[in-house]
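Residue numbers (the working numbering), protein chains in the order written: chain V, 1 to 467; chain P, 1 to 467.
Any given hint might turn out to be false.
One copy or any two copies: either way a pair holds, since identical chains are not told apart in the list.
What the hints assert, rightly or not - Straight-line C-alpha distance at most 25 Å; calculated SDA-like pairs for lysine to any residue:
1) Lys129 <-> Pro66
2) Lys436 <-> Gln274
3) Lys367 <-> Thr86
4) Lys367 <-> Asp295
5) Lys218 <-> Glu183
6) Lys214 <-> Thr171
7) Lys214 <-> Gly173
8) Lys436 <-> Ile313
9) Lys214 <-> Trp170
10) Lys218 <-> Glu181
11) Lys218 <-> Leu166
12) Lys367 <-> Leu432
13) Lys302 <-> Glu365
14) Lys214 <-> Thr182
15) Lys129 <-> Pro67
16) Lys214 <-> Gly180
Since the hints were made in silico from the structure, they are not lab data.
Number of protein chains: 2
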Amino acid sequence: MREDNDAARSAHVGREGEHDIDRIESPGFVEAVVGAIEAGERDILRSLIADLHESDLGRLIEALPPPDRPRMIELLGADFDFTALTELDETTRVRILEELSTQTVVEGMRDLDSDDAVYILEDLGDAEKQEILAGLSVPERAALQRSLDYPEESAGRRMQTEFIALPPFWTVGQALDYIGETEGLPEVFFEVFIVDPTFRLSGSVPLDRLLRTKRGTKLGEVVTPDRHVVNVLDDQEDVARIFERYNLISAPVVDAAGRIVGVLTVDDIVDVIQEEADEDLKALGGVAGDEELSDSFWYIAKSRFAWLLLNLIAANLASFVIALFENELQRMVALAVLMPIVASQGGNAGTQTMTVAVRALATRELKPSNARRIVARELLVGLFNGVVFAVIMAAVVFARFGVMDLGFVIGLAMIINLVAAALGGILIPLTLDRLKVDPAVSSGPFVTTITDVVGFFAFLGIASLWF
Amino acid sequence: MREDNDAARSAHVGREGEHDIDRIESPGFVEAVVGAIEAGERDILRSLIADLHESDLGRLIEALPPPDRPRMIELLGADFDFTALTELDETTRVRILEELSTQTVVEGMRDLDSDDAVYILEDLGDAEKQEILAGLSVPERAALQRSLDYPEESAGRRMQTEFIALPPFWTVGQALDYIGETEGLPEVFFEVFIVDPTFRLSGSVPLDRLLRTKRGTKLGEVVTPDRHVVNVLDDQEDVARIFERYNLISAPVVDAAGRIVGVLTVDDIVDVIQEEADEDLKALGGVAGDEELSDSFWYIAKSRFAWLLLNLIAANLASFVIALFENELQRMVALAVLMPIVASQGGNAGTQTMTVAVRALATRELKPSNARRIVARELLVGLFNGVVFAVIMAAVVFARFGVMDLGFVIGLAMIINLVAAALGGILIPLTLDRLKVDPAVSSGPFVTTITDVVGFFAFLGIASLWF
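Isolated chain V (complex conformation) (with noise of 0.2 Å):
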């Protein structure tokens, strides 16, 4: 009976797990959380978020009115678990640690993992993150403040600083004793990690391998060196990079001298992930990097407005190269009534190519050994496209305007246009990448400037001779 038990209530968990994810953010869930925070109801409050994974109680705080917020986590005290801080988005966060006392982030710190201090730290101020590291025990301030002092975005900001590590003489038993017996290791690990006594790493020896090794056997016997050792200044991104191509769970993390200073976990790195994926796709959309959903008005405003005011340019650009055609324009109203479609076609074209070129980039597959076959291949779609598209335009603007002639100009401006936005939509991207400047933020404006500058000038051009 009881195996039976257990079963039905794994699977219930599991499917009520589900639902949890929406009851967080129910109206109805949110009310009671609100009433209980308003009216001081500790236990009530209690009783409703206990159990909440720190992934959904983040959820939760994001759905409460921003000025219950902080409230609850006072109201919360030791309850409360400031792993959930590190689940909601910069803005969110440093805004509620504004509100809190130091003595209540102080006391939330304690009982953080060392990654997720440091996390939470690294966005405030210099003068709050003083207040709050001067508030904790020295050796605790000390490894944080270690942590901190490495660059942002680095290998030492994002790992964990507990981890376990044996010298090679000791035997398997010894280890799995160890293990068993000590207080305060770290929560979860998969491997231990073997040093010398200057705490330089020699390798490491997966738990699974570890059981399934002679006791009596020595560590330095069964140890493998890592193969993917990460160096603590290593940038998150390649770090990330490595993670995915190697299928890693864990890599220990080394100084400059070759000794362990932390662990970096598939968890963390997942977040990097994500986050990468997230600035290119909004980068190419011509949004910055950083912006979240929970960003107030002015800071959107100003950050779209950047893009927006290049883009204006590019099309005041645009707008002279039309200029220089006046005279034809009032001769022939059609070309101004068609020229749109010519410049259109070829930004959409450019814009394809850009982004295979760009991520292609990013996930490190366009490299200088198939530039050459890449540009070919995107240069032959263009040109394919383009005399496809000029055929159809062709015999659109015959049946609009009875005219063949014109039908002929714009098809000819078709093929000319797509060819560039080909060219432009990759080379544009490749010469970025080699002066080191992030394709995805910058191809945009340059590659539509190319399509349009040469849409308006290759139709109203041609036009110019023809007519």
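Model the placement of chain P on the given structure of chain V, informed by the hints.
The following block gives chain P in isolation, referenced to the frame of chain V:
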């Protein structure tokens, strides 16, 4: 001394590991490999690629001329690790498998984990798939066939069917001994699952807890129900979201009756997360989500064509709007010169809003509960930037044409179009999402159609009323 050497070696391996990445794709190395393949020098080939990680081996394969790829695999025979094929993109993988003899593929599949075997098999044609399955032993075939029977992109397709399941009445000591002594257990595992006699899951015990519990304790006393149980039919994207959200390393997969049938680990999920972000990014750029860098000219030209055709229709629609104002354009050629600026600025602003909306919908940050607030904010940003750009353009136009009125007209049109862009950019993705259409794929053409049509109509319409 020994430890020092180890430490040095480890750091060295780390550094060499990074070098490997470049070395593999360097022309010299690829040439050496090609030389060995074409001369049939199996031993040289083996020494060149010995110790390559499956991922690097995959990269090497991609760097080889296509005819040499299957040749290398045949030449290496049992020394070739078929796992490397999972690192290739689909087009390349399928082409290689078609070239290989069934015998070679069958032999290669034998050593694979079930999830890798399924990954390789699933893209093949039915006849080929059956031929390979027929070559395997009955239990191997049955296991793979069962996974293949689950729908594409389901948890059942991605899961590993090797896991350790133990009864709750076993002691920790028995479990540890079983793990230590049994051959053929999964290569890497993070927990043991506790099941009843019918394999219904009651929970799991992570390895580290197993190590820290007294040997005499019954597993049933230390088991915790898994809070995040995956159903075998769950879509891989939903599973990825659960992994991300709750920072999971692995999760059991159960069937409808709650029986454990497999386990999913985060390294498989990382690939799903990547793919998903990749698809959104490409879709926004007007490219099919499954377009790969290795795809043929034809496939790419065809897939890009569909999107461009849609855009052509939209551009022609905008062109018809312009044609409504032929008289105004004829009277005042400056309108033709300026009108693309209004349309372009709207298109870019709309893309910004749309990008943010599509991404926030994909990550479930944008929900009915906050949609109204976000729509209001985007509207405000559109209005604000509209006013700012209206002022800028009015000044530019006055400087260029010396006509105050024209500046006023373009300014007004700019405000209208940026507000329309904001509304279209957010409401179209929201509506598509509600209609269960992927907003990443379909929002673009709608948004730019709106900003083109509104841009031309507002500018030329106001001008026709004014002048």
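Verification of the hints:
{"no.": "1", "hint": "Lys129 <-> Pro66", "result": "within (22 Å within a copy, 57 Å between copies)"}
{"no.": "2", "hint": "Lys436 <-> Gln274", "result": "both (22 Å within a copy, 24 Å between copies)"}
{"no.": "3", "hint": "Lys367 <-> Thr86", "result": "between (36 Å within a copy, 21 Å between copies)"}
{"no.": "4", "hint": "Lys367 <-> Asp295", "result": "between (37 Å within a copy, 16 Å between copies)"}
{"no.": "5", "hint": "Lys218 <-> Glu183", "result": "both (23 Å within a copy, 21 Å between copies)"}
{"no.": "6", "hint": "Lys214 <-> Thr171", "result": "both (9 Å within a copy, 19 Å between copies)"}
{"no.": "7", "hint": "Lys214 <-> Gly173", "result": "both (8 Å within a copy, 14 Å between copies)"}
{"no.": "8", "hint": "Lys436 <-> Ile313", "result": "within (24 Å within a copy, 38 Å between copies)"}
{"no.": "9", "hint": "Lys214 <-> Trp170", "result": "both (13 Å within a copy, 21 Å between copies)"}
{"no.": "10", "hint": "Lys218 <-> Glu181", "result": "both (19 Å within a copy, 18 Å between copies)"}
{"no.": "11", "hint": "Lys218 <-> Leu166", "result": "within (11 Å within a copy, 29 Å between copies)"}
{"no.": "12", "hint": "Lys367 <-> Leu432", "result": "within (13 Å within a copy, 37 Å between copies)"}
{"no.": "13", "hint": "Lys302 <-> Glu365", "result": "between (34 Å within a copy, 22 Å between copies)"}
{"no.": "14", "hint": "Lys214 <-> Thr182", "result": "both (21 Å within a copy, 13 Å between copies)"}
{"no.": "15", "hint": "Lys129 <-> Pro67", "result": "within (22 Å within a copy, 60 Å between copies)"}
{"no.": "16", "hint": "Lys214 <-> Gly180", "result": "both (16 Å within a copy, 8 Å between copies)"}
Checked against the numbered hints above, the structure breaks none of them.
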